[in-house]
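Work out the full structure, taking the sequences as your base and the hints as a guide.
Residue numbers (my numbering), protein chains in the order written: chain U, -12 to 140; chain E, -16 to 188.
Calculated directly from the structure, the hints in this document are not laboratory data.
Only true hints are included.
From the structure, some residues in chain E lie toward chain U, with a derived Cβ separation under 8 Å:
1) Val65
2) Asn66
3) Arg69
4) Asn91
5) Gly95
Far from chain U by the CB rule (all over 10 Å, computed), these chain E residues:
6) His62
7) Trp151
8) Pro161
9) Pro182
Cβ pair distances, simulated, as ranges:
10) Pro102(U) - Gln31(E): 54 to 64 Å
11) Arg38(E) - Val2(U): 40 to 50 Å
12) Pro102(U) - His75(E): 17 to 27 Å
Idealized CB from N, CA, C, for every residue including glycine.
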Amino acid sequence: MLEFKVNGQLRRVDVHPDTPLLWVVREQLGLTGTKFGCGIARCGACTLHVDGSPVRSCSFPVSAAAGHEITTIEGLSNDVSHPLQRAWIAEQVPQCGYCQSGMLMTAAALVRLKPKPTDEEIDFAMTNLCRCGTYPRVRSAIKRATGQAEGRG
Amino acid sequence: MMFGKAQTRNVPALAAVCLLALLVASANPGAAGQTRPPPSESREAGLQAWAGIARVLRHPRCMNCHTTTNFPRQGDDRHPHVNLVRRGLDGHGVPGQMCSTCHQTENNESSGVPGTPNWHLAPLSMAWEGLSDADLCRVLTDPKKNGGMDLAKLEEHIEHDPIVAYGWNPGANRKPIPGSRADLIQLMKTWSRAGAPCPSRTASR
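Below, the structure written as structure tokens:
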């Protein structure tokens, strides 16, 4: 039995320790906001936080989460009040939306350490893939959320 | 976004950690003034051992993270790491995309992402790309560059540091360093007993 906190709540799961955290979050805990994309830690759709740091959960064994605090997109805020969530809505960032929870979690990790990220810092942090090509709006939303509004992308 | 099997195997080789990637982390400020015991192996034997050591250090599993660049490389062709991975201030990546975003403490069988504790780039003082055998030797033995390690600490690092062991257990279809870690340890001991000689700059390529 493995024990860890997810979005502030203590959770226990009985799964194989090598199971990717992604599948535990989605299937055991029912938190389906975190998405499966590539399965090889490249696309970033599965990004969540472990102790505040971004992790691509398709490549993160659940055993490594034991004793740690997990935050998923559902825990970023409980009322869509996180500045990034509000900026995402204001800039109408998503198109199909599939990659956007991973985008938001990566962006949240970025602005936690870089409250006013430059364009270059955004480029090297936001390597999540988006087949709809929402990248300009992602950048605009991060700028808006960090008080560097530059208008709609 | 889906990727083919071949890409899967190549992917996240933030590669190559290996010998000495942890030097700075395990700095020993007292090493600079070290005194060495008299050599118990010939200089020739030492230089021969060093040539074997240098061959290990030049392997992609090592060199891909001992770069002179602000990014790591990956794969046996040593291409720049995908996903715009950057060195960051301390070799552990940048906010939003740290090494630990993808690389954990063990190789991940399902994703093919390699891992070992404290995955990171070696510091620029230990950048090995483009160095001759002679200069590589001098960098390795310079406490100002190698994190303050004396020979004993170097041997200990090679024998016990998990990041070194990764070179022979890279996971997925990555090629391990030829030979064994035990071979490298033996080469290090011979080289050390010879007084850790470095080739002359004119004799080295």
